[in-house]
Amino acid sequence: MEQINGSVQMEHALLYTFLEVSPDCKFREQLHSLQNEWFQCQCDYSDDDAELQTDGNQSGQMRNGEPAFDPRVHDEVIRLIAAQLAEAGDKFDKEIKARVVNDLVQHFLNENLSREEITRHMSEAVEGLARAIPSDMEQEKAMLVLAMVLTKKIANTAPSLLHRVFNTTVNYISQQFHNYIARMMRE
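First residue of the sequence shown: 1, per my numbering; consecutive thereafter.
Where hints are given, some of them may not hold.
As the list claims (entries may be wrong) - Once the Cα atoms are required to be at most 25 Å apart in a straight line, the calculated SDA-like pairs of lysine to any residue come out as:
id: 1; residue 1: K94; residue 2: R79
id: 2; residue 1: K141; residue 2: R99
id: 3; residue 1: K94; residue 2: R183
id: 4; residue 1: K97; residue 2: H74
id: 5; residue 1: K94; residue 2: H163
id: 6; residue 1: K26; residue 2: E187
id: 7; residue 1: K94; residue 2: S160
id: 8; residue 1: K94; residue 2: V8
id: 9; residue 1: K91; residue 2: E37
The hints are simulated quantities; they were obtained by calculation from the structure and are not laboratory data.
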């Protein structure tokens, strides 16, 4: 599994929790395995990165000019946001045609495609769905939800792809929706 750096921790936690609270997740065992691997990776990362102050607290770390995201501190906020997004995702779920999901599954199965190419296919699918499915929610939120629902549908179709689709989606939402998610976290 590729190392998850600090700049995608928030997106990772949100997507994981979204999938975890989704009622029709058929890949729970693989999801928990993914989380265990990520947790181990984060423990290794934070052991090297954390500075303890004399009072025993971690120093206020900054990453990319932002306070470092700590899922343990933000767990309740992440759970609330993920539950709201999963509820919104239920409305989109039935609107997403199997053909769109199957096309993406084929792209993810193609080992010759680079991460950038796969991310481009994911982005194109999300943008196409955002145009095709009527929604009264703001565009950024709709696209974020669509990306996460696509992740769930791909993993439901081919659970063996969970790691690859999860990491691709985390990178995609980090690139496209990081500021939007950060705003949701603050509200």
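Handout entry: 25 Å limit on alpha-carbon distance, applied to hinted pair K94 and R79
Key = Roughly 23 Å between the alpha carbons, so the hint for K94 and R79 holds.
Practice task
Verify the proposed pairing of K94 with H163, using a straight-line Cα cut of 25 Å.
Solution key: Holds, because 24 Å separates the two Cα atoms, which is no more than 25 Å.
Practice task
Measure nothing beyond the straight line between the CA atoms of K94 and V8; if it is 25 Å or shorter, mark the hint as holding.
Solution key: 29 Å, violated
Exercise for the section: Assess, step by step, whether the Cα of K91 is no farther than 25 Å from the Cα of E37, and give holds or violated. Expected result: Violated - the C-alpha atoms of E37 and K91 are around 31 Å apart, more than 25 Å.
Problem - Pair hint K97 and H74, alpha-carbon separation not exceeding 25 Å - result: Not OK: K97 and H74 at ~34 Å, beyond 25 Å, violated.
Exercise for the section: Would you mind confirming whether the straight-line C-alpha gap from K94 to R183 stays at or under 25 Å? Expected result: The hint is violated at about 28 Å.
Practice task
Mind checking the alpha carbons of K94 and S160 for me, to see if they're no more than 25 Å apart?
Solution key: The hint holds at about 23 Å.
Handout entry: K26 paired with E187 [C-alpha distance capped at 25 Å]
Key = With Cα atoms ~32 Å apart, K26 and E187 exceed 25 Å; violated.
Practice task
Please work out if K141 and R99 have their alpha carbons no farther apart than 25 Å.
Solution key: 23 Å, holds
In this structure, the hints that do not hold are numbers 3, 4, 6, 8, 9, in rising order.
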